[in-house]
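First to last, the protein sequences are chains A and B. Number 168 marks the last residue of the first sequence (my numbering); no jumps. Number 702 marks the last residue of the second sequence (my numbering); no jumps.
Mixed in with the good hints, there may be bad ones.
Claimed, not checked - Straight-line alpha carbon distances no greater than 35 Å define the calculated DSBU-like cross-link-like pairs of lysine-lysine that follow:
| hint | chain 1 | residue 1 | chain 2 | residue 2 |
| --- | --- | --- | --- | --- |
| 1 | B | K473 | B | K595 |
| 2 | A | K55 | B | K559 |
| 3 | B | K465 | B | K553 |
| 4 | B | K295 | B | K265 |
| 5 | A | K140 | B | K595 |
| 6 | A | K116 | A | K135 |
| 7 | B | K595 | A | K116 |
| 8 | B | K683 | B | K532 |
| 9 | B | K595 | A | K137 |
| 10 | A | K137 | B | K531 |
| 11 | A | K137 | B | K578 |
| 12 | B | K527 | A | K35 |
| 13 | A | K110 | B | K487 |
| 14 | A | K110 | A | K135 |
Since the hints were made in silico from the structure, they are not lab data.
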Amino acid sequence: MLNNNPPYKKVMIVDDTYIDRYIAERNIKKHGLAEEVIAKESASAALSYLESLIESPEQLPGLIFLDIRMPEVDGFGFLAAYEKLPESVKTTCLVMMLSTSLNPSDQEKVKQSKYISRFLNKPLDRGKIEILLEELTKNNGI
Amino acid sequence: MQNKLLLRQFQKHFGGEKLPEKFETFLEIISNSYDHYEQDRILLERSIEISSEEMIELTQSQRKTHDELKALFDNIEEVFFSIKFPEMQLLQISPACEHIYGYPVQEFQTNPTLWYELILDEDKRIIDADYPTMFSGKSFSHEYRIRHKDNTIHWVETKIKPTLDNEKKIIRIDGVTSDITKRKNAEIAITESENKYRHLFENMVDGVYKSSHDGKFIEVNPALVNMLGYSSKEDLLAIDIKSQLYFNPDDREEAVYQDQIEGISTFRLKKKDGSPIWVEDRGQYASDSDGNILYHEGILRDVTERVKAQEELMIANDNLRISIDRLTEAQQVAHLGSWILDIKTNEVLRSQEFYEIFDSAISEFPDSQEGYIMFFHPDDRHIVRDAFNQALIDHAPYNYEARLVMKDGSIKNIFSNGKSIKNKKGELVKMHGTIQDITDRKKIELELEKNIVELKKSNSELDKFVYSVSHDLRAPLSSILGVIEIVEEDTVEVSVVEHLQMIKSSVKKLDGFISDILNYSRNSRLEIKKEEINFKELLNDITQNLKYMGGNNRKVDIKINVTQETTIQSDKSRLSILLNNLISNAIRYQNAEIQNPFVNIKIDISDTETGIIIRDNGIGIMKENTEKIFEMFYRVSEESIGSGLGLYLVKEIVDKLNGKIEVESEIGKGTSFYVSLPR
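Build out the structure end to end from the sequences listed, making use of the hints.
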């Protein structure tokens, strides 16, 4: 465990691949990024979850790891719906795009979206978690 | 006894008496003498008679001659005079003096020096100069002017014959003075005209010549000498015309006979230096009664310039004709018709092709603008009208595309352009322009657009395909890496860890390879897409991503130094890959034995180029390999993690962006890459 004091109570991972959800969850918990990890296997499932917590924003995940390529509704589709959610949700959650996509247009879209704070390449391994922690502590002054 | 007289006398006195012999002989002698005396006396008488007769005749004829002479003397126009020397007494002077001098004989007689006084002052010296000659007894003559009594000036000629005595002293002069005014005036006129002629001959610009039939100059003027490039008259007179003046000796024959026919002929001569001169010859030849040519004479004018100008004009005309033909051809080929409108007369001149395009006979073509507009598709008529009217106002060039509707209903696309021509005052005087049938071109354009759209579509489909494939290939790999790491963390068994390392490195290789293939495919296929580059941002992104390279790489100190004075446009994704590959290499090939591995990235942007330097203190590259590193699939060893495509791709990108790349390296010390990209 890298961090005994995880900066987040809850984070969410949205990815259609089981292994990737597994890896993400394990590393997040193991290296102290968050206490709890909500794993959703589709954009719609994730959106439903968020919608269910509109009334109780303290239960919303502080960080959402979003895979781009998912069947039916992909990462950008999620974002389109996410935009329609109330401000309270959007200000609480920090969305990070997670992908193996090399497509520059994807990266452009990510840049242009105002809800995505950064783009990460899979896998969400220890090294990446470390760097995230570094940045988050820096930014939050924790 | 012969003499009859004596005989009679004898017979009278002596009868027939015989005489002594001596006495007979004596009588004989006397008889003969008497005979002779008688004969002589008769002759003498007779001659006296004759002389008297003759004398009378002579005297008569003398008188006649004298009368005739006098008549001559009195009536001849010349003044005869005689002067006795040394008294200077005028012995006689013929009455003609009144005619010539205006003064009668008496005047001359009373004033013996009158004749001298009447001589014009400036001519008196002529007389004075000849005065001494008189005393030598030689005859002479001189011409001088006298002032007639009526004040007119006359020219006279005086012939003087002096008579000397035995002591060679002059005793008398006889002379004749005649009025030679007419002759003299004629002479003067001739001399003047000769002088004029001479002056002209010497000074005129055209050459004057006289030449013999066998081809030698007899007379030439300075202009001719000059014209033909000879240094002197003698020089020119010495040449053989046939061989030296003509390029082709036979030309002379032709020239001579052409002259006869046309009077003036133009032909080419050869100057002394061999260069050609064109001359116009106005000449003629003189021939004898048998028609044989005696000599040629005439005037030669240098018309080289004129001939040249004529030739040039002919050439220009030919060229013009050719140009016009070519233009017509070109118009045909290009389906381009042209027109010119004269604003004043409102007349329009159109080229052949123009009528072809409108498929109208020249005679049928409407005169008015409105008639012209009817050729166009109803929806496009306003375009034509507006363009033309606008041009009339602002005198600016215009162009437009519009459709014609042909007689058979088919549509032609035309491109029209027009220009205004103004005069010096700025008024519109003419308009001219072209109409081009672009139906074919339009068709092709539409085809092309369709193709481009389709191509873009298939390109983007290909892109999508490539991305999908790469993504789908890489996703499982990243999952594998993720799980490997988890296992690594959970296990302590060394052998397991080792085995996991091996799996990991293989997976990473495969992953890298897929990325590189993808990048390569995009680099070679896609066009350069320019956008504004912010290097600081770009490098930040790259280094952030490279931080996640993870594994056993220690933290490498990355220093970034960007001097960006101005904005720069380039292909962002390619630059990204280029920098990424170079920097990741620098990190990957760090020197494990040193404490402070670093990568320095320096970017300099100037007006002409962008310079990128990436320097590391890694393990370096062997000298003999510095060229090979850019080869496809080149890897230092089987152990290396890279795909072998990284630097190959860098080189491909540099080439695509028209740049240059160089590498400096030393084993164990480090490597520097220098990239320059033009703006």
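A quick look at each hint next to the structure:
Of the supplied pair hints, the one linking K473/B and K595/B holds, its CA atoms being roughly 29 Å apart against a limit of 35 Å. Our distance criterion of 35 Å between C-alpha atoms is met by K55/A and K559/B, whose separation comes to about 34 Å. Between the alpha carbons of K465/B and K553/B the distance comes to roughly 30 Å, so the proposed pair stays at or under 35 Å and holds. Restraint check: the Cα-Cα separation between K295/B and K265/B comes to about 13 Å, which is no more than 35 Å; the hinted pair holds.
Taken as a hint, the K140/A and K595/B pair is honoured in the structure, with Cα atoms around 21 Å apart against an allowance of 35 Å. The suggested pairing of K116/A with K135/A holds, with an alpha-carbon distance near 18 Å, which does not exceed 35 Å. For the hint linking K595/B to K116/A, the alpha-carbon distance of about 31 Å falls within 35 Å, and the restraint holds. Restraint check for K683/B and K532/B: satisfied, since their Cα atoms lie roughly 28 Å apart, inside the 35 Å limit.
Note on K595/B and K137/A: the hinted pairing holds, with a Cα-Cα distance of about 14 Å set against a maximum of 35 Å. Under the criterion of a C-alpha separation no larger than 35 Å, the hint pairing K137/A with K531/B is consistent with the structure, at around 27 Å. At roughly 27 Å between alpha-carbon atoms, K137/A and K578/B fall within 35 Å of each other, so this suggested pair holds. Among the hinted pairs, K527/B with K35/A is consistent with the structure: their alpha-carbon atoms are about 32 Å apart, no more than 35 Å.
Simply put, K110/A and K487/B have alpha-carbon atoms about 28 Å apart, close enough for the 35 Å limit, and the pair holds. Only pairs whose Cα atoms come within 35 Å are accepted, and K110/A paired with K135/A is accepted, the gap being roughly 18 Å.
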